[in-house]
Amino acid sequence: DQQVKQNSPSLSVQEGRISILNCDYTNSMFDYFLWYKKYPAEGPTFLISISSIKDKNEDGRFTVFLNKSAKHLSLHIVPSQPGDSAVYFCAASADNYGQNFVFGPGTRLSVLP
Amino acid sequence: DTEVTQTPKHLVMGMTNKKSLKCEQHMGHRAMYWYKQKAKKPPELMFVYSYEKLSINESVPSRFSPECPNSSLLNLHLHALQPEDSALYLCASSQGTGSNQPQHFGDGTRLSIL
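Respectively, the protein sequence lines represent chains A and C. According to the working numbering, the residues represented by the first sequence are 21 to 133, in order. According to the working numbering, the residues represented by the second sequence are 10 to 123, in order.
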C-alpha cells in the first residue's frame, strides 16, 4: 500500500508557464516533506522541503505548498525552464520513522521550448 | 557535481562473484544510507548508518552486507546475488540523524547480475 502517491506519471508544460506537481500521502504521522529532482544517470537532487508546521515554503522559482487536512502537497515551478525537465519525487518522513524517507513513484516533467 | 561519490558507476557481475560498492562524502555528514532503485520505481531504503553504527536494516537479504569503516565512507559488499538484484544502488548522506534532515544522493552504481 503506497503511503506517498504521485498520481500523474507525467506532465508536459510550455516554457515560461507554471508547472504544478502534486503529491498525496496517507500517513498522518508524516511531518516533514521533501521534493527531489532526478535526471537520467544521476542521483536524486534535493530541491526543497517543508515541515508540517508550515503551509508554504519558497526558494527561488520553487514553492512547496502543504495542506495537512487534505494530506496533500504540491510543488510549483514558475517560470518553467527546459532544464527543469526531469523526474520529480515527493518524499515524506515522520519522527517515529527515524531517517526512513518514503518516496512517491515520481512524476516526469517535460518543459517544452 | 554531486558531493557524494559512488564507485564504480557500472558493475556487471555473475551470481557467484563477490564485489563491493563504495560511497564517499566529505561534508561531515553523520548519517549515510544505501537505497535500491528499480526502473520506473522510487528509491527503497536498505540500510542506515548513524555515527558509523548500523541503525536501520530494512530486512535486506544477507547477500548484501554494509560496512562503514569511518564517518566518510560507506561500502556495500555483494555476494551470491540474484538476477532480480539488478538495479541502481544509491548512496546518500545527511548532516544529522533526525527525520527532518535532507538526504544528499550520489549518482548511483548501476548493477547488472548475469
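Each hint should be verified, as a subset may be incorrect.
Quick list of in silico lysine-lysine cross-link-like pairs, DSS-like style, CA-CA up to 30 Å [unchecked claim]:
1. Lys27(C) x Lys25(A)
2. Lys88(A) x Lys50(C)
3. Lys28(C) x Lys62(C)
Now the stretches of chain C that chain A is said to cover, found in silico as 3 or more residues with beta-carbon under 8 Å [unchecked claim]:
4. 52 to 61
5. 106 to 113
Quick caveat, the hints were computed from the structure, so don't treat them as lab data. Glycine is no exception: its CB is placed at the ideal position from the N, C-alpha and C atoms.
So, going through the hints one by one against the coordinates:
{"no.": "1", "hint": "Lys27(C) x Lys25(A)", "verdict": "37 Å, violated"}
{"no.": "2", "hint": "Lys88(A) x Lys50(C)", "verdict": "25 Å, holds"}
{"no.": "3", "hint": "Lys28(C) x Lys62(C)", "verdict": "22 Å, holds"}
{"no.": "4", "hint": "52 to 61", "verdict": "holds (count 5)"}
{"no.": "5", "hint": "106 to 113", "verdict": "holds (count 8)"}
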